[in-house]
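**Student:** Given next are the chains, with one letter for each unit.
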Amino acid sequence: MSPIMLELLVRSLWETLVMTAASGLISLVFGLPIGLALVATARGGIAENLAVNRALGAVINGFRSVPFIILLVALIPVTRVIVGTSIGTWAAIVPLAIAATPYYARIAEVSLREVERGLIEAVRAMGGNRWTIIREVLIPEAMPGIVAGFTVTLVTLIGASAMAGAIGAGGLGDLAIRYGYQRFETAVMIAVVAVLIVLVCGIQWLGDRLVARLDHRN
Amino acid sequence: MNRHVSWTPAETTADSGDVIRLADVRRRFGETAALDGVSLGVRRGEILGIIGRSGAGKSTLIRCLNGLERPDGGSIEIEGREITGLGEAALQPLRRRIGMIFQHFNLLSAKTVEENVALPLKIEGWPKAKRLARAAELLELVGLSDKARAYPSALSGGQKQRVGIARALAASPALLLSDEATSALDPETTRSILALLKDINSKLGLTILLITHEMEVVRNIADRVAVIDAGRIVEQGPVWQVFATPKAETTKSLLSGIRPQLPAHIAQTLLSEGPGDVVLSIDIAGPAATGPLFQDLSKAFPGGYRLIHGGVDHIQKQPVGRFFIALPAASTAGLVSFVERLGAQVEVLGHVADHA
Ligand SMILES: Nc1ncnc2c1ncn2[C@@H]1O[C@H](COP(=O)(O)OP(=O)(O)OP(=O)(O)O)[C@@H](O)[C@H]1O
Ligand SMILES: [Mg+2]
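If you're matching them up, the sequences are chains A and B in order.
Take 1 as the starting number for the first sequence in UniProt numbering and just add one per residue.
Take 1 as the starting number for the second sequence in UniProt numbering and just add one per residue.
Careful, some of the hints might be misleading.
What the hints assert, rightly or not - On the chain A side, residues computed to face chain B include the following (Cβ under 8 Å):
| id | residue |
| --- | --- |
| 1 | 119 |
| 2 | 122 |
| 3 | 124 |
| 4 | 127 |
| 5 | 128 |
| 6 | 129 |
| 7 | 132 |
| 8 | 134 |
| 9 | 140 |
| 10 | 143 |
| 11 | 216 |
| 12 | 217 |
| 13 | 218 |
Said to hold, decoys possible - According to the in silico footprint, chain A covers these stretches of chain B (three or more CB under 8 Å from chain A):
| id | stretch |
| --- | --- |
| 14 | 42-48 |
| 15 | 97-104 |
| 16 | 133-139 |
To be verified - Label pairs and their calculated CB-CB ranges:
| id | chain 1 | residue 1 | chain 2 | residue 2 | range |
| --- | --- | --- | --- | --- | --- |
| 17 | B | 153 | A | 205 | 17 to 27 Å |
| 18 | A | 129 | B | 128 | 11 to 21 Å |
| 19 | A | 129 | B | 29 | 48 to 58 Å |
| 20 | A | 198 | B | 69 | 47 to 57 Å |
| 21 | B | 69 | A | 129 | 14 to 24 Å |
| 22 | A | 55 | B | 43 | 30 to 40 Å |
| 23 | B | 150 | A | 182 | 52 to 62 Å |
| 24 | A | 118 | B | 82 | 21 to 31 Å |
| 25 | B | 153 | A | 63 | 47 to 57 Å |
| 26 | A | 198 | B | 30 | 29 to 39 Å |
| 27 | A | 55 | B | 186 | 42 to 52 Å |
Just so you know, the hints here were simulated from the structure itself, not pulled from any lab data.
Predicted model only: the values in this text are computed from it and were never measured.
From the three backbone atoms N, C-alpha and C, an ideal C-beta is built for every residue, glycine too.
So here's chain A without its partners, still in its complex pose (with noise of 0.2 Å):
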């Protein structure tokens, strides 16, 4: 592989690599509130309110339903407003963390509906509040799985940010289409799966030993 190509294959990663930590952390900061509410409003929870949880839960999965390449088509105009231009990095950084976060709200909401409800009537028979709760109980009790349910969110984002190209994002998975398929330099493709391979791996290896770190259940 020649100089240039390995200096592209460096941006393209670093380019992947913006998109994904910035629409991954967008996501958690977004989606976590986001699969709380979910959970304390449900029946039993600890703001039941139905009205919210449904509209909550339909707005979360009209955005679930809608093909990712669509949205980014779609939300043109929205990424103009936000970032100040529809095509780049940066811009495909808006549909990414539009698509992940209600992705993100749902694996979140599964983790904190495990929390035991003993732990939760233990707190409020100490006469802790709805805040104790969350910040004692649901959040720290649910923690494995919402740093696993962070990291499947990022390796899917790593997907998902191929086809951020279509807007001329940049990126892994724009290199290997524009070189490695629609070129046919083979070893450009190779390498770019590699690095892929190498990135997933890398992220999993540490969100699982992350979760292992902060499990203490049994």
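Position chain B with the ligands relative to chain A; hints supplied.
**Tutor:** Positioned in the frame of chain A, the structure of chain B with the ligands alone reads:
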């Protein structure tokens, strides 16, 4: 174990002796009346055992006391204050004065033992150093100082319950609620947990409400017992009295495993009439049971009687005796009036089949 635990149970208002007063408390779940008009008082400093079969309404009852469950009707006074109308926010300060221990411990897995014990104090807003110092004090009380930094998953069931007790006591509550605290533990661990509770009760004067379905637990540590069945209190009184002379069917059947029973092979062959010897049970307890019963009997009935089964138990330092004897039918009436004069209860059970 160290016993020097500081204890400043919060101020108590006009002390009528009852920490808890329930009047006609009702709670339905759909068709089932979990509580069907419960009236009950719990006295300051006592251990009250509440016993009943599965589904009798025990958990519902105890959960009403700290507002985890809301009754449909009736009144619940804690330290003279009506709590049934209180909202969640008003219940929170009240709950801080009531400790609760659970059958399944309910320790937070993501927190260390000391963090678990210190959590009620964190909720009360204590600074970190102070609450950890208090947690250390309580862990010493329950004999788990060496586990302060461990996570609950590394503890045995009995150790977890000790942590649960330490946590329930952290905020110096005026009242401790225990819902089947020993049901998940083996007999030996159960004994040590009960001994700990008894100890806390006598050293710290803490009122304890203890729910169980095991008579053994009540027998070991309670001062008074209330029997609940189908959402109603069917019997209550000092433990030794209820054990000596149970009145309700539920009580008798709950007691059957722990009091002497007529051996099955004899019970099965008893006849309602006949020439055979009469079999009867004698229940004698308290001061009445301190006299030389059998010596008196032998003197009064030289015709003889046979002791079939029975013995004397000691509950709350009171002798509680239950005997099954057989004697010739002719002597029966005399013996019954004789022992009843001593303050015993006699029940004629039948006649033995073969005239031995
Ligand atoms: N949340 C609930 N929803 C519906 N029914 C309930 C609920 N809680 C309790 N019940 C019913 O109320 C009755 C009393 O239940 P409760 O849990 O108080 O019994 P318990 O005496 O504690 O029994 P156990 O010894 O099995 O714990 C039972 O018939 C139970 O099915
Ligand atoms: Mg129960």
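**Student:** Against this structure, judge whether each hint is valid.
**Tutor:** Hints, one by one, checked against the model:
Evaluation of the residue 119/A hint against chain B yields a held restraint, the C-beta minimum of about 6 Å falling below 8 Å. Look at residue 122/A: its Cβ gets to within about 4 Å of chain B, closer than 8 Å, so that hint holds up. At a threshold of 8 Å, the smallest CB-CB gap from residue 124/A to chain B is about 6 Å, leaving the interface hint in force. For residue 127/A, the interface hint holds, since its Cβ comes within 8 Å of a Cβ in chain B; the closest pair sits about 4 Å apart.
Because the closest C-beta pair between residue 128/A and chain B is about 5 Å apart, less than 8 Å, the hint holds. For residue 129/A, the suggested interface contact is upheld, since its CB lies about 6 Å from the closest CB of chain B, less than 8 Å. A hinted interface residue such as residue 132/A counts as satisfied when its beta carbon comes closer than 8 Å to some beta carbon of chain B; here the least separation is about 6 Å, so the hint holds. A least Cβ separation of about 13 Å between residue 134/A and chain B goes past the 8 Å threshold, and the interface hint is therefore violated.
Using the Cβ-Cβ criterion of 8 Å, the hint placing residue 140/A at the interface with chain B is satisfied: the shortest such distance is roughly 4 Å. For the restraint placing residue 143/A at the interface with chain B, the shortest Cβ-Cβ distance is roughly 6 Å, inside the 8 Å limit, so the hint holds. Of the supplied interface hints, the one on residue 216/A holds, with its beta-carbon coming within about 4 Å of a beta-carbon of chain B, less than 8 Å. Interface hint at residue 217/A: satisfied, since its Cβ lies 5 Å from the closest Cβ of chain B, which is below the 8 Å cut-off.
Interface hint status for residue 218/A: upheld, as the beta-carbon distance to the closest one in chain B is roughly 5 Å, under 8 Å. As drawn, the stretch 42-48 of chain B meets chain A at 0 residues by the rule of a beta-carbon pair under 8 Å; below three, the given contact is violated. Three residues within the 8 Å Cβ limit are the bar, and the stretch 97-104 of chain B against chain A gives 4, so the coverage statement holds. Under a criterion of three residues with beta carbons nearer than 8 Å to beta carbons of chain A, the stated coverage of the stretch 133-139 of chain B fails, only 0 such residues being counted.
At roughly 24 Å, the beta carbons of residue 153/B and residue 205/A sit within the given window of 17 to 27 Å. Checked against the given bound of 11 to 21 Å, the beta carbons of residue 129/A and residue 128/B, roughly 20 Å apart, stay inside it. Checking the proposed 48 to 58 Å range against residue 129/A and residue 29/B shows it is violated: the Cβ atoms sit about 26 Å from each other. Taking 47 to 57 Å as the suggested C-beta distance range, the pair residue 198/A and residue 69/B conforms, at roughly 55 Å.
For the hinted restraint 14 to 24 Å between residue 69/B and residue 129/A, the CB-CB distance of approximately 18 Å keeps it satisfied. Range check, residue 55/A to residue 43/B: about 51 Å between beta-carbon atoms, so the 30 to 40 Å window is missed. Taking the beta carbon of each, residue 150/B and residue 182/A are about 59 Å apart, inside 52 to 62 Å as hinted. At roughly 28 Å, the beta carbons of residue 118/A and residue 82/B sit within the given window of 21 to 31 Å.
Distance hint check for residue 153/B and residue 63/A: the Cβ-Cβ separation is about 38 Å, which falls outside the suggested range of 47 to 57 Å. In this structure, residue 198/A and residue 30/B break the distance hint of 29 to 39 Å, their C-beta atoms being roughly 58 Å apart. Checking the proposed 42 to 52 Å range against residue 55/A and residue 186/B shows it holds: the Cβ atoms sit about 50 Å from each other.
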